[in-house]
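As a plain string of letters, each chain reads:
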Amino acid sequence: MAEITLKGLAHSYEKTPKGASDYAIRQMDHVWHQGGAYALLGPSGCGKSTLLNIISGLLEPSEGDVLFDGQRVNELPPEERNIAQVFQFPVIYDTMTVFDNLAFPLRNMSTPEYRVKPKVLEVADILELTPLLNRKAKNLTADEKQKVSMGRGLVRDDVTAILFDEPLTVIDPQLKWKLRRKLKEIHERFNITMIYVTHDQLEASTFADKIAVMYEGQVVQFGTPRELFERPAHTFVGYFIGSPGMNFMAVEFRDNQVMFGSQPLPVNEAMERAVADASNSVEITSNNIKLGIRPEFIAISSSPSADSVPIQVTSVQDLGTYSLLTFKLNEQTFKARLPEGHSPVGETAFARFDDAHVALYIDEYLVEAGHE
Amino acid sequence: MSLHLQNIDHIVNGVPHISGIDLALEPGSFNVLLGRTLAGKTTLMRLMAGLEPPTRGKIIMDGKDVTNVSVRKRNVSMVYQQFINYPSLTVYDNIASPLKLAKQPKSDIDKRVREVAEMLHIEQLLNRYPQELSGGQQQRTAMGRALIKDADLILFDEPLVNLDYKLREELRDELRDLFKARNCIAVYATTEPNEALALGGNTAVLHEGKLLQYGPTEQVYREPNGRFSAEMFSEPPINIVPGRLTDNEITFDQTLHFPCDDKLKRLEPGDYDFGVRASHLTLQPQRADDLALDVHVDVAEISGSETFLHVHHERFPLVLHLAGIHQFSVNEPLKVYFPTHQLYAFDKQGHTVHIPVRQGGAAHG
Chain C
401 MAEITLKGLA HSYEKTPKGA SDYAIRQMDH VWHQGGAYAL LGPSGCGKST
451 LLNIISGLLE PSEGDVLFDG QRVNELPPEE RNIAQVFQFP VIYDTMTVFD
501 NLAFPLRNMS TPEYRVKPKV LEVADILELT PLLNRKAKNL TADEKQKVSM
551 GRGLVRDDVT AILFDEPLTV IDPQLKWKLR RKLKEIHERF NITMIYVTHD
601 QLEASTFADK IAVMYEGQVV QFGTPRELFE RPAHTFVGYF IGSPGMNFMA
651 VEFRDNQVMF GSQPLPVNEA MERAVADASN SVEITSNNIK LGIRPEFIAI
701 SSSPSADSVP IQVTSVQDLG TYSLLTFKLN EQTFKARLPE GHSPVGETAF
751 ARFDDAHVAL YIDEYLVEAG HE
Chain W
570 MSLHLQNIDH IVNGVPHISG IDLALEPGSF NVLLGRTLAG KTTLMRLMAG
620 LEPPTRGKII MDGKDVTNVS VRKRNVSMVY QQFINYPSLT VYDNIASPLK
670 LAKQPKSDID KRVREVAEML HIEQLLNRYP QELSGGQQQR TAMGRALIKD
720 ADLILFDEPL VNLDYKLREE LRDELRDLFK ARNCIAVYAT TEPNEALALG
770 GNTAVLHEGK LLQYGPTEQV YREPNGRFSA EMFSEPPINI VPGRLTDNEI
820 TFDQTLHFPC DDKLKRLEPG DYDFGVRASH LTLQPQRADD LALDVHVDVA
870 EISGSETFLH VHHERFPLVL HLAGIHQFSV NEPLKVYFPT HQLYAFDKQG
920 HTVHIPVRQG GAAHG
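Listed in order, the protein sequences are those of chains C and W.
Sequential numbering from 401 applies to the first sequence in this note's numbering.
Sequential numbering from 570 applies to the second sequence in this note's numbering.
Everything labelled a hint here was simulated from the structure, so no lab data went into it.
Some hints could be false.
[Stated by the list, open to error] Calculated pairs, SDA-like style, for lysine to any residue (alpha carbon to alpha carbon, straight line, at most 20 Å): (1) W:LYS735 to C:LYS578; (2) W:LYS672 to W:GLN651; (3) C:LYS728 to W:GLU738; (4) W:LYS904 to W:ALA857; (5) W:LYS749 to C:LYS578; (6) C:LYS610 to W:THR824; (7) W:LYS749 to C:LYS610; (8) C:LYS578 to W:GLU761; (9) C:LYS728 to W:GLY893; (10) C:LYS610 to W:PHE897; (11) C:LYS578 to W:LEU891; (12) W:LYS633 to C:LYS728.
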């Protein structure tokens, strides 16, 4: 059982890093609590594999500490960290039976045979591998092999955390959800800290109670799937989570209004005040003020209302369960999601942004309007 | 150019890979080949390209029989899953290569390369080499090479499958727009129903080497001609529940009775498979005639903004497609509502015998 703490952690592959861009991981503090189901989510090149290798012990961080239950483990090799890893491709012994594969980590630690058998049977039962125990591993399907890989981590009582690195890549799309269910079940049953690394938002949100979104070597948000969707803490999270991602508008406070280019935006008072404050603030020198709104929270109608803006509709795509409307506002392209059966709109229509879901970003980070 | 595949069979080592496919593609059309792995998509594209001749049947291009004409003598481009570029050539020279081979004047080539690069948003990368590019940029380069010559037929074999989903989203949008302005036939293979819907055009549903259905994408989605077509063209898959239709009611699982839709009453009494879309099942009743079902949660699959909820009733599993983020525990008991007026019906041979009226009327013409 372990709580994994990253303290002042940073990593550069350069010997003498000069600037922030030389760091694969930029200075960060982070705690993975004992028993949590976590995901580390980000695009390729964001630093998530580097971070995973630092936690597992394959890589020593160039700065800061990795603590397991408060103990510094920076120099401990992977085999002494009591961590199990499940990789993209199943790591099992093809010539051994499923039973022997599952028993291997225990026998390797000289566990007496009378204790090996019940443990293997227990784990096989949970993973629904019991009927396959006497089969040679090479005759298994990809999903069965991957379950054996997981089982090898679960048989060991000394394992404190399991790290998953894109474990469902080789699984047939139609079978993925079954393995996802299995993973959830295992987590609920074993009370082991699990960290699941992926670039896929579905994998991350399905598995994890909390997700760390990584971008350019930093965790830009650590939150529940719902928080990532409803309150993205960084513009990257808004863009990366959801399909399509959040729409952004660069705004300023001019003529007593919130302006998006030449278009005044009808926003509520708290938001208006927050944008005005940011525009006039001496501390903020970047002028980087944006409003974000998700496609799900834009209502489209054929007639204007007090709080709507006129838009040019470029296309409406029927995606089966909903339609995706593309429109232009102030020369910029926006996406809005319309529910199935929405009434048709012409080339000119009106968009209303749901107040509760308009978010303010200053220098790419979320600022809560009215909470300053 | 038009392309007509006439009664194509393709047999490799005694195993049929393509069986009796007849398909006519219109000039300027965008066509999606939708099917799972090994459905025959790649084989069919290879036959269209002329990379190999079919075992039986004819391939007619613009009225001419080209069945045995090799790929070199056809004006065809292809983009593959893997990003295939010349590693020793810059992006510029990679894109220019088909025109250089065709010995076109330099000034024309230069103009075309810049146009294509701009279309694909890689104009600032022209002097780089493929290994210096990200996956998305490499695939854009490969696409540039396919797009630069005025091919009669462009084939895309799951070109986005190795890219992350954000890039896929972008490139998919761009592809649709690129082909609006072109007169060639485009064929695009994918395993993903949602990709087919996003691309639009026409869709051909393939299953085990056979063509199940071909038509405008939305129509194939809404009016599948059979159970397989409906299952192939939905993600999460359409729910299928076997039941019995008697005079005025339908019975699921011998115990769940409910009065049936007037239109369904026209069907012969008997056993059918009833289909209901994952997005039409709900957690709150929508209508008085909804059927309440007691189920247990298997898993809630959450993708950024929506939830696929897998549950099981005593005898049959169901999947719900819910908007927004909903978290549930494994085995949590739950009530779900089954819209009895939104049922598809398939006979035991798998043919569609009933299609529900669209919710909310004809929204998009």
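Now the hints, each set against the structure:
no.: 1; hint: W:LYS735 to C:LYS578; in the structure: violated, 25 Å
no.: 2; hint: W:LYS672 to W:GLN651; in the structure: violated, 27 Å
no.: 3; hint: C:LYS728 to W:GLU738; in the structure: holds, 18 Å
no.: 4; hint: W:LYS904 to W:ALA857; in the structure: holds, 15 Å
no.: 5; hint: W:LYS749 to C:LYS578; in the structure: violated, 40 Å
no.: 6; hint: C:LYS610 to W:THR824; in the structure: violated, 41 Å
no.: 7; hint: W:LYS749 to C:LYS610; in the structure: violated, 42 Å
no.: 8; hint: C:LYS578 to W:GLU761; in the structure: holds, 18 Å
no.: 9; hint: C:LYS728 to W:GLY893; in the structure: violated, 25 Å
no.: 10; hint: C:LYS610 to W:PHE897; in the structure: holds, 14 Å
no.: 11; hint: C:LYS578 to W:LEU891; in the structure: holds, 19 Å
no.: 12; hint: W:LYS633 to C:LYS728; in the structure: violated, 45 Å
Against the hints set out earlier in the document, violations occur for numbers 1, 2, 5, 6, 7, 9, 12.
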